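Colleague: Based on the sequences and whatever the hints tell you, model everything.
This note's numbering numbers the first residue of the sequence shown as 1451 and each following residue consecutively.
Treat the hints as calculated values from the structure; they're not laboratory data. Model, not experiment: these values are computed from the prediction. Take the hints with a grain of salt, since some may be wrong.
[What the hints assert, rightly or not] Distance windows between CB atoms, simulated:
no.: 1; residue 1: E1632; residue 2: P1735; range: 57 to 65 angstroms
no.: 2; residue 1: T1663; residue 2: D1608; range: 31 to 39 angstroms
no.: 3; residue 1: M1733; residue 2: V1662; range: 36 to 44 angstroms
no.: 4; residue 1: P1661; residue 2: T1480; range: 34 to 42 angstroms
no.: 5; residue 1: T1739; residue 2: S1658; range: 53 to 61 angstroms
no.: 6; residue 1: K1534; residue 2: M1602; range: 44 to 52 angstroms
no.: 7; residue 1: H1678; residue 2: E1606; range: 55 to 63 angstroms
no.: 8; residue 1: R1567; residue 2: L1628; range: 27 to 35 angstroms
no.: 9; residue 1: R1494; residue 2: H1560; range: 21 to 29 angstroms
no.: 10; residue 1: G1495; residue 2: S1658; range: 18 to 26 angstroms
no.: 11; residue 1: E1632; residue 2: D1731; range: 37 to 45 angstroms
no.: 12; residue 1: I1709; residue 2: M1733; range: 23 to 31 angstroms
[As the list claims (entries may be wrong)] Computed cross-link-like contacts, DSS-like style, restricted to lysine-lysine with a CA-CA straight-line distance of at most 25 angstroms:
no.: 13; residue 1: K1535; residue 2: K1521
no.: 14; residue 1: K1509; residue 2: K1492
no.: 15; residue 1: K1681; residue 2: K1752
no.: 16; residue 1: K1509; residue 2: K1624
no.: 17; residue 1: K1521; residue 2: K1503
no.: 18; residue 1: K1521; residue 2: K1509
no.: 19; residue 1: K1624; residue 2: K1521
no.: 20; residue 1: K1509; residue 2: K1633
no.: 21; residue 1: K1509; residue 2: K1631
We put the beta carbon where it would ideally sit given N, CA and C, even for glycine.
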Amino acid sequence: MKKKPLLLLLMSMLLVFGIGQSVWAFSDTTNDPNAAKIEQLKQRGIISGENGKFQPQSKLSYAAAASLLVKGFDLNLDGINFVKKPEATDYFPNANNNAWYADALIIVGHHDLGLPRDLKPNAEITREQFAHALMQAVYTTGDYAFIEIYIMLADEADVDPAYMNNVQKVLISKFAELDAKEKFHPKAAITRSDAAGWLHDALEFVASTEPVTPVEPQPEEPYTSPLHDLKFKTEAVNADIQKVTVTATVPHPGYGIRIASIIFNDQEAEVFVEAVEPDPDMMYPQVLTDVSVTTYVDSKYKVALVEKLASFGGSDAAVEASQ
1451 MKKKPLLLLL MSMLLVFGIG QSVWAFSDTT NDPNAAKIEQ LKQRGIISGE NGKFQPQSKL
1511 SYAAAASLLV KGFDLNLDGI NFVKKPEATD YFPNANNNAW YADALIIVGH HDLGLPRDLK
1571 PNAEITREQF AHALMQAVYT TGDYAFIEIY IMLADEADVD PAYMNNVQKV LISKFAELDA
1631 KEKFHPKAAI TRSDAAGWLH DALEFVASTE PVTPVEPQPE EPYTSPLHDL KFKTEAVNAD
1691 IQKVTVTATV PHPGYGIRIA SIIFNDQEAE VFVEAVEPDP DMMYPQVLTD VSVTTYVDSK
1751 YKVALVEKLA SFGGSDAAVE ASQ
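Modeller: What follows is the structure, encoded as structure tokens:
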């Protein structure tokens, strides 16, 4: 996704010229701290009011929050094929499928913005809930890198752990601020003014920030065993026991060899060996080195040597060795 300099320019012009006007689109936002941002969102058709008023200090409902996010981020269902026509109650059982907010709830439900399933559309949405849904909407536009810091909240214990990550992101990105007592007031209902201000800054962030390009996973290189010329020999210790000595050549003396396990099948003893990896903090001379390991098995068994491959985590993927 590319940066949007033209959109930023238009947003800035709206702010500059909007502040200079003596008459605001809403008669009750002139002295509001988010007045310029509210005006800009009004100009873009994202917010509206009644009878020329925005009621900035009124509390935001879930229904209004859904509508605000859908319009702000231009969320839709384009290109989605449904088995049946979706309804708001598919996502939020307490919704009214014929209400003005129904389409917005369907869209936020489909995009999983994190609004509680049991919400009542006309009830007030809290600050932590709106912060969470706002960031979920931001993520629909791409993946972004955020500064790795943790902002301390005086009322941190009041924040729902499910919302804390996005509350932190809202604060780190300066969409929202703590009050003079370092409190976020997570359980308080968010005002229409604050919601508009946060949304404005989130949209500006998306317009000015390049999403992180996903890193394509690199194909894993096939495992190459450091054990070369792997072989074994048997030597009778007595009539009942035989000594099995396994030898191999390794790239340098940091490598070793060990017996991983022995499996007895009928008349055969499968001796599994594996390489011992060198200490990564040590330096070793690059000299071919012979290594060996010894074990003992009952003389009645025929010995078969098998190497466990490290790339399989010690699984039974194996390579037979010669005697």
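Colleague: So, for every hint listed, does it hold in this structure?
Modeller: Hints, verified against the model:
At about 59 angstroms, the CB distance of E1632 to P1735 agrees with the hint of 57 to 65 angstroms. A beta carbon spacing of about 37 angstroms between T1663 and D1608 agrees with the range 31 to 39 angstroms that was offered as a hint. For M1733 paired with V1662, a C-beta distance near 37 angstroms keeps the hint of 36 to 44 angstroms intact. P1661 and T1480 have their C-beta atoms about 37 angstroms apart, which keeps the hinted 34 to 42 angstroms range intact.
Judged by the Cβ atoms, the range 53 to 61 angstroms given for T1739 and S1658 holds: they are separated by roughly 58 angstroms. For K1534 and M1602, the Cβ-Cβ distance of about 48 angstroms falls inside the hinted range of 44 to 52 angstroms, so the restraint holds. Distance hint for H1678 and E1606: a CB-CB separation of about 58 angstroms, consistent with the stated range 55 to 63 angstroms. The hinted range of 27 to 35 angstroms is satisfied by R1567 and L1628, whose Cβ atoms lie roughly 29 angstroms apart.
For R1494 and H1560, the Cβ-Cβ distance of about 23 angstroms falls inside the hinted range of 21 to 29 angstroms, so the restraint holds. Checked against the hint of 18 to 26 angstroms, the C-beta distance between G1495 and S1658 comes to roughly 21 angstroms, which is consistent with it. As the Cβ distance of E1632 to D1731 is approximately 44 angstroms, the hint placing it in 37 to 45 angstroms holds. I1709 and M1733 have their C-beta atoms about 28 angstroms apart, which keeps the hinted 23 to 31 angstroms range intact.
Simply put, K1535 and K1521 have alpha-carbon atoms about 21 angstroms apart, close enough for the 25 angstroms limit, and the pair holds. Taken as a hint, the K1509 and K1492 pair is honoured in the structure, with Cα atoms around 18 angstroms apart against an allowance of 25 angstroms. Taken as a hint, the K1681 and K1752 pair is honoured in the structure, with Cα atoms around 15 angstroms apart against an allowance of 25 angstroms. For a cut-off of 25 angstroms, the pair hint linking K1509 to K1624 stands: about 21 angstroms separates their Cα positions.
Under the criterion of a C-alpha separation no larger than 25 angstroms, the hint pairing K1521 with K1503 is consistent with the structure, at around 19 angstroms. For a cut-off of 25 angstroms, the pair hint linking K1521 to K1509 stands: about 19 angstroms separates their Cα positions. Between K1624 and K1521 the alpha-carbon distance is near 21 angstroms, which keeps this suggested pair within the 25 angstroms criterion. With a C-alpha separation of about 19 angstroms, the suggested pairing of K1509 with K1633 holds against the 25 angstroms cut-off.
Under the criterion of a C-alpha separation no larger than 25 angstroms, the hint pairing K1509 with K1631 is consistent with the structure, at around 22 angstroms.
Of the hints listed earlier, there is not a single one the structure fails to meet.
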